[in-house]
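Number of protein chains: 2
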Amino acid sequence: MINIRPATEKDYPRVLELIQELATFEKEPDAVEVTVEELQKHAFSKPPLFTCFIGEYDDKIEGIALCYPRFSTWKGKSIHLEDLIVTHKMRGKGLGKALYNRVLEFAHAQNVRRVEWVVLDWNKGAIDFYKSSGATIIPGWHLVQMDGVSLAQYLEK
Amino acid sequence: MINIRPATEKDYPRVLELIQELATFEKEPDAVEVTVEELQKHAFSKPPLFTCFIGEYDDKIEGIALCYPRFSTWKGKSIHLEDLIVTHKMRGKGLGKALYNRVLEFAHAQNVRRVEWVVLDWNKGAIDFYKSSGATIIPGWHLVQMDGVSLAQYLEK
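Line by line, the protein sequences give chains Z and B. Mapping to the working numbering: the first sequence position 45 is 45, numbers consecutive. Take any residue in the second sequence, note its place counting from 1, add 1000, and you have its number in the working numbering.
The hints are simulated quantities; they were obtained by calculation from the structure and are not laboratory data. We put the CB at the ideal spot given by N, CA and C, even for glycine. Watch out, some of these pointers could steer you wrong.
[To be verified] A partial selection of chain Z residues facing chain B, derived with a Cβ cut-off under 8 angstroms: (1) I19; (2) P69; (3) K75; (4) A107; (5) V112; (6) R113; (7) E116; (8) I138; (9) P139; (10) W141; (11) V144; (12) M146; (13) G148; (14) L151; (15) Q153.
The following block holds chain Z by itself, in its conformation from the complex (with noise of 0.2 angstroms):
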């Protein structure tokens, strides 16, 4: 019933209504700007910034993993996985632990040392999941972020 493998150009109106519907979740329901013709663009750009796989059940699409080269400088290339989404519906059939599979085999074929994400801190959950499966929570760092617009004013002072 479940079946994983990578997006193509037609799947991404879908795709988007995952994001929606994960930020959302996040209670961030207003923070998506990202359109389905950046994420096309990007997705089949030469390189493409980000790799998307499809997680569907019984051929519908309810999950997705999307994830990206990083660069370390203590432990070179890695890989960044930026969203695990499941559809509140479809959760606790195996959908997530399938894509998540499917990621760190991605990473793994890439022979990284380092897979590495963000999780919220109220998230148990999830939290106990990456627990389990090998991962390590890393305390005591902040995410910084600075918007398109905050940029512009810092550089026209």
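With chain Z's structure known, arrange chain B on it following the hints.
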């Protein structure tokens, strides 16, 4: 006295010295596994995995800033600042700010909606500097990492 420029191949032995100095400052002196050859390989691969800017003070390399693209499913293409390093003895002379500015200009030229990085929660000087420039500290996230050994173990199960 300050000069910022892209790194060339022969700069990477010195770049690795600065990476090692930062790891020691961050209380992880044994964490650096990357080699000069790996840095050179990924700096000049097609496509390169990162962009490294060199900060010179009186013609000596006293700082670096290393960054690369990421892809946010909310904001699209972003620039991640992986490391901003100034040697201990050259702090307070404006070299860090010059490197920071160069990365922000580089990001702005690519029209991104976000520049992002991480900071240690005890590094108050850095946090204050980032905030004063218009960046935002994003609370509530944990970093998660799986190293290569744990990755292989997980996939063997």
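Results of checking the hints against the structure:
{"no.": "1", "hint": "I19", "result": "holds, 5 angstroms"}
{"no.": "2", "hint": "P69", "result": "holds, 6 angstroms"}
{"no.": "3", "hint": "K75", "result": "holds, 6 angstroms"}
{"no.": "4", "hint": "A107", "result": "holds, 6 angstroms"}
{"no.": "5", "hint": "V112", "result": "holds, 7 angstroms"}
{"no.": "6", "hint": "R113", "result": "holds, 4 angstroms"}
{"no.": "7", "hint": "E116", "result": "holds, 5 angstroms"}
{"no.": "8", "hint": "I138", "result": "holds, 4 angstroms"}
{"no.": "9", "hint": "P139", "result": "holds, 7 angstroms"}
{"no.": "10", "hint": "W141", "result": "holds, 5 angstroms"}
{"no.": "11", "hint": "V144", "result": "holds, 5 angstroms"}
{"no.": "12", "hint": "M146", "result": "holds, 4 angstroms"}
{"no.": "13", "hint": "G148", "result": "holds, 4 angstroms"}
{"no.": "14", "hint": "L151", "result": "holds, 5 angstroms"}
{"no.": "15", "hint": "Q153", "result": "holds, 6 angstroms"}
Every hint, counting from the list given before, is met by this structure.
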